[in-house]
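Residue numbering for the sequence shown follows my numbering, starting at -14 and increasing by one per position.
For the record, the hints were derived by calculation from the structure and aren't laboratory data.
Be aware that one or more of the hints could be misleading.
[What the hints assert, rightly or not] Here are the simulated DSS-like cross-link-like pairs (lysine-lysine), alpha carbons at most 30 angstroms apart as the crow flies:
hint	residue 1	residue 2
1	Lys(-13)	Lys148
2	Lys131	Lys82
3	Lys131	Lys(-13)
[To be verified] Quick list of simulated restraints, FRET-style, between CB atoms:
hint	residue 1	residue 2	range
4	Glu123	Glu170	18 to 26 angstroms
5	Asn77	Ser116	14 to 22 angstroms
6	Gly128	Ala25	39 to 47 angstroms
C-beta atoms are modelled at their ideal positions from N, C-alpha and C, and glycine is treated no differently.
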Amino acid sequence: MKRLFVCCDGTWKSASGSIAPPTNVARFARSVDRHGMESAQAVSQIVYYAGGVGTTSVLPVPVDYLYSGLTGEAGLERNILDAYCFLCNNFNFCSVKDEIILVGFSRGAFAVRCLASFITEVGLIRRKHLSLLPNVFESWCRGKGKIDPKYRDAAISLPVRIKVLAEWDTVSALWGQRFEFVQGEVPSAVDNAFMAIALDERRLSFQPMLWTKRGQPVERWGRPGEQTVEQCLFTGHHGDIGGGNADAGLSTIALLWMISRIQAVSHAASDRGALLQAILPLPSSTLTDWILGNRHFRYENLLMSRGKTPRLSTINTRLAY
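Using the sequences plus the hints, can you model the full thing?
So this is what it looks like as structure tokens:
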């Protein structure tokens, strides 16, 4: 058995911390121990980390970098497919006991939500059939979450469960329509879904994608057990929940909350030394915070009007704790 972690970071965020401090996704990925436990047996824990949209640029000028980050479109599909291939390449199709844990922040959280929805509909494609992935994915996108029946073949893919879907302050692409069908219903293949939400974020471009409905049992999966779904509000704005600020006090609270929720429903193990190092204050401010005077301000604030975190008063109380 193995425990497979997929960690997708937010817009313009990367694990190196060269431009801005590491987010909760990067800190979480660093803190995962190489081995965990399951039924008194040691199991391998394998981590896949993907930088956020906008961290790579096709053009030798900042235009593509800015467009990718501001729209959230470029790079999102690539992140979903790369993470999916990681799971297919590492999952044990013989024992079917491997655990899958998906973690994301901001548009990276939207990426893992899309990934969970895709896995719910398709399962994991067997390695020898991965050449079909582009066609299957395109069928899923065009079918608004449904695939062509010809791809529903046990010889091609295997239904799997997702142990945890963990999201920090999920937001979608600003103007993209390709994944608009992925909304607030928790995918049926997910056993446990946790989301941390910024209470004080007012930028309209960072409206959180709240869960509004539990996943419905799908006949071909059998009847899954009841899902655990928790949404928790935290004081602070978007970066205070998912991290990436020099002052990581508030985001550390959200990080430790998420780790505690994941460990409560699985035997995922953390490297305590790495976790302690990840949550210690940074010795000095980064270039970004020095230029901006350590303020919670970004130039995209000038492009978007301000509003209120939407629909918080209408969260289904059975899905919010």
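Cross-check of the supplied hints:
1. Lys(-13) x Lys148: Holds: Lys(-13) and Lys148 sit about 12 angstroms apart, inside 30 angstroms.
2. Lys131 x Lys82: 26 angstroms, holds
3. Lys131 x Lys(-13): 29 angstroms, holds
4. Glu123 x Glu170: 18 to 26 angstroms: 22 angstroms, holds
5. Asn77 x Ser116: 14 to 22 angstroms: Cβ of Asn77 to Cβ of Ser116: about 21 angstroms, so the range 14 to 22 angstroms holds.
6. Gly128 x Ala25: 39 to 47 angstroms: Cβ of Gly128 to Cβ of Ala25: about 44 angstroms, so the range 39 to 47 angstroms holds.
In terms of the numbered hints stated before, the structure departs from none.
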